[in-house]
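Peer 1: Each chain, written out:
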Amino acid sequence: NAGVTQTPKFRILKIGQSMTLQCTQDMNHNYMYWYRQDPGMGLKLIYYSVGAGITDKGEVPNGYNVSRSTTEDFPLRLELAAPSQTSVYFCACSSPTGNTIYFGEGSWLTVV
Amino acid sequence: GQQVMQIPQYQHVQEGEDFTTYCNSSTTLSNIQWYKQRPGGHPVFLIQLVKSGEVKKQKRLTFQFGEAKKNSSLHITATQTTDVGTYFCAGPFRGNNDMRFGAGTRLTVKP
Chain V
1 NAGVTQTPKF
11 RILKIGQSMT
21 LQCTQDMNHN
31 YMYWYRQDPG
41 MGLKLIYYSV
51 GAGITDKGEV
61 PNGYNVSRST
71 TEDFPLRLEL
81 AAPSQTSVYF
91 CACSSPTGNT
101 IYFGEGSWLT
111 VV
Chain W
1 GQQVMQIPQY
11 QHVQEGEDFT
21 TYCNSSTTLS
31 NIQWYKQRPG
41 GHPVFLIQLV
51 KSGEVKKQKR
61 LTFQFGEAKK
71 NSSLHITATQ
81 TTDVGTYFCA
91 GPFRGNNDMR
101 FGAGTRLTVK
111 P
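Residue numbers (my numbering), protein chains in the order written: chain V, 1 to 112; chain W, 1 to 111.
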């Protein structure tokens, strides 16, 4: 039982490049989330999903896209990377019955 | 929009001293959660409070939810070096799935 798995763990992007952060969970949880955490700051919700085929914007969705084709996977897409997107990205999941949010180990992204 | 504010931003204590972090919301919360993040790690769930005035304890940690359900606190008695990390509170915004986090209180403990 791996929980929430994110890849890659580290990535350096050039301005304007695109990439996808992968996230998969084996907890069979319906709810999934993407947060970003800037250095020394709290977590900001980017997007979330309450189930396959359903996604919704969080606090800071601009510059990102998501999809949820299966219960297990919730990839985050950056289309035109900007330096302001340098951050640590956390994928997470929770169940409808219990509100505990389980986080992945994070993906460190630097845009130069 | 709804915000969850946390104070202090930083707290440095001597081992054995107590520590408290406070969380305040601009609106009434249906519940509040607390998380701990070790340096370089990911947030880990500590507890959820749901009832007005609720108090829960986990060993040296005491969590309180205000009567108006707009504020909360985490108190650590006799801190240890293992308590080092950033403590976050989080509350639901638009429904229980849109959890908003405070900026966190970073605790350092001097042995």
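Hints are supplied without guarantee of correctness; some may be wrong.
[What the hints assert, rightly or not] Here are the simulated EDC-like cross-link-like pairs (lysine to aspartate or glutamate), alpha carbons at most 20 Å apart as the crow flies:
hint : chain 1 : residue 1 : chain 2 : residue 2
1    : W       : 36        : V       : 105
2    : V       : 44        : W       : 67
3    : W       : 36        : W       : 67
4    : W       : 110       : W       : 83
5    : V       : 9         : V       : 73
6    : W       : 56        : W       : 15
7    : W       : 70        : W       : 83
8    : V       : 57        : V       : 26
9    : W       : 36        : V       : 38
10   : V       : 57        : W       : 98
11   : W       : 57        : W       : 67
12   : W       : 59        : W       : 18
Worth flagging that the hints you see were computed from the coordinates, not collected in a lab.
Peer 1: Within 20 Å, alpha carbon to alpha carbon, are residue 36 (chain W) and residue 67 (chain W)?
Peer 2: violated (24 Å)
Peer 1: Compare the distance between the alpha carbons of residue 56 (chain W) and residue 15 (chain W) with 20 Å, and conclude whether the hinted pair is satisfied.
Peer 2: violated (23 Å)
Peer 1: Taken at face value, is the distance from the CA of residue 26 (chain V) to the CA of residue 57 (chain V) at most 20 Å?
Peer 2: Not OK: residue 57 (chain V) and residue 26 (chain V) at ~23 Å, beyond 20 Å, violated.
Peer 1: Please work out if residue 110 (chain W) and residue 83 (chain W) have their alpha carbons no farther apart than 20 Å.
Peer 2: The given pair, whose Cα atoms are some 11 Å apart, holds under the 20 Å limit.
Peer 1: Can you confirm whether the C-alpha distance between residue 70 (chain W) and residue 83 (chain W) stays at or below 20 Å?
Peer 2: Distance ~26 Å between residue 70 (chain W) and residue 83 (chain W) Cα, so the pair is violated.
Peer 1: Take the C-alpha atoms of residue 57 (chain V) and residue 98 (chain W), compute the straight-line distance between them, and say whether it is at most 20 Å.
Peer 2: Roughly 9 Å separates the two Cα atoms, so the pair holds.
Peer 1: Is it true that the CA of residue 9 (chain V) sits at most 20 Å from the CA of residue 73 (chain V)?
Peer 2: Measuring from Cα to Cα gives roughly 16 Å; hence the hint holds.
Peer 1: Please verify whether residue 44 (chain V) and residue 67 (chain W) have alpha carbons no more than 20 Å apart.
Peer 2: violated (27 Å)
Peer 1: Taking only the CA atoms, is the gap from residue 36 (chain W) to residue 38 (chain V) under or equal to 20 Å?
Peer 2: holds (16 Å)
Peer 1: Is it true that the CA of residue 59 (chain W) sits at most 20 Å from the CA of residue 18 (chain W)?
Peer 2: holds (13 Å)
Peer 1: Between residue 57 (chain W) and residue 67 (chain W), does the CA-CA distance stay at or below 20 Å?
Peer 2: holds (17 Å)
Peer 1: Straight-line Cα separation of residue 36 (chain W) and residue 105 (chain V) no greater than 20 Å?
Peer 2: The hint holds at about 13 Å.
The structure is inconsistent with the numbered hints 2, 3, 6, 7 and 8, although it conforms to all the rest.
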